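J.: The listed protein sequences correspond, in order, to chains X and E.
Under the working numbering, the residue at position 72 of the first sequence is numbered 72, and the numbers go up by one with no gaps.
The number in the working numbering is simply the position in the second sequence, starting from 1, with 114 added.
A hint or two may mislead.
[What the hints assert, rightly or not] Straight-line alpha carbon distances no greater than 27 Å define the calculated DSS-like cross-link-like pairs of lysine-lysine that follow: (1) X/K49 x E/K158; (2) X/K58 x X/K69; (3) X/K42 x E/K165; (4) X/K68 x E/K185; (5) E/K141 x X/K49; (6) X/K42 x X/K69; (7) X/K42 x X/K113; (8) E/K158 x X/K69; (9) X/K42 x E/K141; (10) E/K141 x E/K158; (11) E/K141 x E/K176; (12) X/K58 x X/K113; (13) E/K165 x X/K58.
Since the hints were made in silico from the structure, they are not lab data.
The structure presented is a predicted model; accordingly, all values stated were derived computationally and were not measured.
Each chain is listed here by its residues.
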Amino acid sequence: AQSVTQLDSHVSVSEGTPVLLRCNYSSSYSPSLFWYVQHPNKGLQLLLKYTSAATLVKGINGFEAEFKKSETSFHLTKPSAHMSDAAEYFCVVSDRSGTGKLIFGQGTTLQVKP
Amino acid sequence: NAGVMQNPRHLVRRRGQEARLRCSPMKGHSHVYWYRQLPEEGLKFMVYLQKENIIDESGMPKERFSAEFPKEGPSILRIQQVVRGDSAAYFCASSQGSDQPQHFGDGTRLSIL
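Given the sequences, and given the hints that come with them, work out the whole structure.
T.: Structure representation (structure tokens):
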């Protein structure tokens, strides 16, 4: 069965410094992996997705993630944090049963300090 | 080009009442998913529907919860005889296919008094 583990429940960075949000996955198949962002009282917005093409995936708002099969990781990075990046981030794997239902990590709250 | 529309945004019910949550998918999307986000927890899959069919309801509680996606109109998630533990944010997502990205609505926040 597929699962994802987000290694940090809370990350705090200063504006202008790099962001690293860590995610490890478990899957018996080649997984489809996603990062979603959720701003307070809003829905989820897709940041990026990995579907077995390039291992380095570029997303919106300057975010990118690298799929590393040897480490079963899919960490999210951004070179320079902006105040508007403060939100909840979810690492997600798609169930490969054919339904496409998503399996979410517990989430990481990103705080950006001025 | 409207996104996924959920209403109401906030819903307050007393214990024992019924709650109806509506979801209109994006134009051209015929696949709908419902997820629940309990306080201090991540999102959990509830049910997956295509037009007029329930494809996977493995995440739905066995009692009081039902979902439909009729040929015309929005998808409905219905909770009968609500209890305090049903308080949560309920999100709907739609896609063009089970292998396509899902687009989420802003959710319905259900509070049970």
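J.: Does the structure keep E/K141 and E/K176 at a Cα separation of 27 Å or less?
T.: Roughly 31 Å between the alpha carbons, so the hint for E/K141 and E/K176 is violated.
J.: Does the alpha-carbon distance linking X/K42 and E/K141 stay inside the 27 Å limit?
T.: It holds: about 20 Å lies between the C-alpha atoms, which stays within 27 Å.
J.: Hint check: X/K58 vs X/K69, CA-CA at most 27 Å. Holds or violated?
T.: Holds. X/K58 to X/K69 sits at ~17 Å (cutoff 27 Å).
J.: Would you check the hint for X/K42 and X/K113, treating anything up to 27 Å between C-alpha atoms as holding?
T.: At roughly 21 Å apart (the allowed maximum being 27 Å), X/K113 and X/K42 satisfy the hint.
J.: Do the alpha carbons of X/K42 and E/K165 lie within 27 Å of each other, as the hint requires?
T.: holds (26 Å)
J.: Regarding the pair X/K42 and X/K69, is the alpha-carbon distance no greater than 27 Å?
T.: This hinted pair is violated, its Cα atoms lying about 32 Å apart.
J.: Need the status of pair E/K141, E/K158: alpha-carbon distance at most 27 Å?
T.: holds (25 Å)
J.: Between the alpha carbons of E/K141 and X/K49, is the straight-line distance 27 Å or under?
T.: The hint holds at about 22 Å.
J.: Does the structure keep X/K49 and E/K158 at a Cα separation of 27 Å or less?
T.: holds (19 Å)
J.: CA of X/K68 to CA of E/K185, is that 27 Å or under?
T.: violated (43 Å)
J.: Run the distance test for E/K158 versus X/K69: straight-line Cα separation, threshold 27 Å.
T.: Status holds; Cα separation ~25 Å.
J.: Taking only the CA atoms, is the gap from X/K58 to X/K113 under or equal to 27 Å?
T.: holds (25 Å)
Hints 4, 6, 11 and 13 from the list above are not met by this structure, while the remaining hints are.
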